[in-house]
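Protein chains in written order, with this note's numbering: chain L, 114 to 301; chain H, 110 to 434.
Since the hints were derived computationally from the structure, they do not count as laboratory data.
Now the stretches of chain H that chain L is said to cover, found in silico as 3 or more residues with beta-carbon under 8 Å:
1. 169-180
2. 217-226
3. 260-270
Beta carbons: idealized from backbone N, C-alpha and C, even for Gly.
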Amino acid sequence: MDTINLSEKTDWEFIEQVQKESGQNISLCYQCGNCTAGCPYTNYFDYPVSMVMRLLQAGQKDIVLNSKAIWLCATCETCTTRCPCEIDVAHIMDTLRIIARRENRVSEKDIKLFYDSFLDSVKQFGRIYEMGTLLMYNLRSGHLFADADLGPKVLTKGKIHFFPKKIKGADKVAQIFERFQKRAKRHG
Amino acid sequence: MADKEYAYYSGCSLEGTAKEYDMSLRLVMKALGATLTEPHDWSCCGSTPAHTVDHVFAAALAARNLAIVEKMNVHTLTTPCPSCLMVLKKAHLGMTGDESFKNEVNALLDEPYEGNVISKSSLQVIYEDIGLDAIADRVTYAFPDLKVVPYYGCILNRPPDIAQFDDPENPIAMDRVISALGVEVRDYAFKTECCGAAFGVPKRAMVNELTHKVLSMAIDAGANCIAVACPLCQQNLDLRQEQVNRAMGASFNIPILYFTQIMGLAYGFSPEELGMDMLVVSADHLIRSRMPIEEYRKMKEAEAAQAKKAPKAKEAKEAAKTEES
Numbered sequence: 114m115d116t117i118n119l120s121e122k123t124d125w126e127f128i129e130q131v132q133k134e135s136g137q138n139i140s141l142c143y144q145c146g147n148c149t150a151g152c153p154y155t156n157y158f159d160y161p162v163s164m165v166m167r168l169l170q171a172g173q174k175d176i177v178l179n180s181k182a183i184w185l186c187a188t189c190e191t192c193t194t195r196c197p198c199e200i201d202v203a204h205i206m207d208t209l210r211i212i213a214r215r216e217n218r219v220s221e222k223d224i225k226l227f228y229d230s231f232l233d234s235v236k237q238f239g240r241i242y243e244m245g246t247l248l249m250y251n252l253r254s255g256h257l258f259a260d261a262d263l264g265p266k267v268l269t270k271g272k273i274h275f276f277p278k279k280i281k282g283a284d285k286v287a288q289i290f291e292r293f294q295k296r297a298k299r300h301g
Numbered sequence: 110m111a112d113k114e115y116a117y118y119s120g121c122s123l124e125g126t127a128k129e130y131d132m133s134l135r136l137v138m139k140a141l142g143a144t145l146t147e148p149h150d151w152s153c154c155g156s157t158p159a160h161t162v163d164h165v166f167a168a169a170l171a172a173r174n175l176a177i178v179e180k181m182n183v184h185t186l187t188t189p190c191p192s193c194l195m196v197l198k199k200a201h202l203g204m205t206g207d208e209s210f211k212n213e214v215n216a217l218l219d220e221p222y223e224g225n226v227i228s229k230s231s232l233q234v235i236y237e238d239i240g241l242d243a244i245a246d247r248v249t250y251a252f253p254d255l256k257v258v259p260y261y262g263c264i265l266n267r268p269p270d271i272a273q274f275d276d277p278e279n280p281i282a283m284d285r286v287i288s289a290l291g292v293e294v295r296d297y298a299f300k301t302e303c304c305g306a307a308f309g310v311p312k313r314a315m316v317n318e319l320t321h322k323v324l325s326m327a328i329d330a331g332a333n334c335i336a337v338a339c340p341l342c343q344q345n346l347d348l349r350q351e352q353v354n355r356a357m358g359a360s361f362n363i364p365i366l367y368f369t370q371i372m373g374l375a376y377g378f379s380p381e382e383l384g385m386d387m388l389v390v391s392a393d394h395l396i397r398s399r400m401p402i403e404e405y406r407k408m409k410e411a412e413a414a415q416a417k418k419a420p421k422a423k424e425a426k427e428a429a430k431t432e433e434s
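Using the sequences provided together with the hints, build the complete structure.
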């Protein structure tokens with residue numbers, strides 16, 4: 114592990130930003146490791162969640178926002194449930210994803226693409242059109258045959274709709290997206 | 110407002126890959142005297158993807174639905190989907206606890222949400238509002254061979270401040286509901302361990318390993334069926350079971366039933382009505398093993414009588430032997 118010179122490389126603004134946006138007090142973490150012990154994804158993380166917390170305390174913006182861990186977190190809430198300091202750790206991970214997305218640093222592109230395909234369906238139809246979401250993801254990610262083996266199984270069960278069902282208020286839902294985008298622009 | 114009336118927010122999955130959850134839940138609720146009314150023109154709650162964009166935006170997608178329910182003549186919303194539930198509750202708690210957050214969310218909406226809707230999972234409604242006695246009263250069929258482990262998934266009971274229901278580490282509501290049906294429930298260590306469903310599409314290899322653990326632990330617990338309350342868990346464990354077998358060199362063949370399907374079978378509904386044919390891993394052998402409760406009781410009585418007779422017959426035989434000698 115690299116040595117970090119804290120007096121030179123601590124980004125105090127970043128610490129403040131994460132605390133403000135998440136509403137959590139990062140300095141409460143005393144590194145007990147309970148979050149990491151229960152995290153089902155820790156084997157796949159580049160930095161275990163307790164280390165993300167420590168890096169945050171040290172204001173290591175680049176390492177944290179470029180990490181895979183913040184995208185591989187599934188918000189299963191085990192860390193939040195078990196934190197003895199009552200820090201909402203999952204909410205901090207959520208906040209870090211939001212900041213990373215805003216700054217256009219996404220270390221796990223496929224995960225973001227899947228989320229985007231999902232949200233596009235919501236914007237267009239008001240609800241999730243499962244088939245369309247999957248196809249859109251396959252096209253965008255280049256994984257053209259992702260889950261193609263499941264096709265026959267699902268189709269013969271009559272569970273998947275071939276055509277999207279648009280709700281009446283789909284335009285109202287789309288307006289939520291548009292108002293949010295305008296607001297985001299205003300706030301920079 | 111009449112008793113047991115709910116706004117029923119099914120969520121998008123229950124219109125597609127989890128259709129059988131919707132079918133079985135509606136039947137069971139009706140059988141137990143609860144009325145479900147679908148909010149007019151509800152929209153997607155935004156689920157996990159919206160939470161990666163912005164908290165106000167995510168709350169707005171959910172709160173559009175809360176605002177619709179607020180205008181209905183019912184004040185309790187029930188949703189079978191834990192992901193919808195979490196998002197709806199987070200929006201509600203965030204908005205009622207912070208005036209400025211509420212204003213920011215409402216600024217994105219056409220109709221504001223004022224904060225008057227209580228959201229409960231359908232499991233919570235069945236367990237708390239309907240209750241175990243009523244659940245047991247309606248049973249007409251027994252399952253002598255069924256051994257179930259209830260799998261709650263990661264967010265039905267967590268985090269506790271938001272879920273406000275059951276225990277976050279060892280939930281028991283589903284255990285008790287299934288036990289009330291007279292079905293054997295086994296202890297299960299992975300009740301709340303995350304199965305990875307949210308990454309099923311983009312992170313296949315990772316999810317195969319997580320799912321493998323959840324399935325293995327069920328087999329170790331001696332189960333021949335996993336009961337679930339989450340459409341994403343069900344899809345992951347059932348539809349993807351063969352992918353897990355192939356990737357991990359396993360040979361799982363364990364049916365994944367919605368707890369409402371088990372209730373429906375115990376109440377005598379037909380497999381078709383409950384969408385049993387929509388399961389990928391067949392549960393036909395389990396369905397065939399059900400028998401009318403009267404027949405089951407007679408069988409048990411006969412067995413007990415036989416057990417009583419048997420020692421007597423043995424005694425008589427031994428007595429005869431002594432006489433002979």
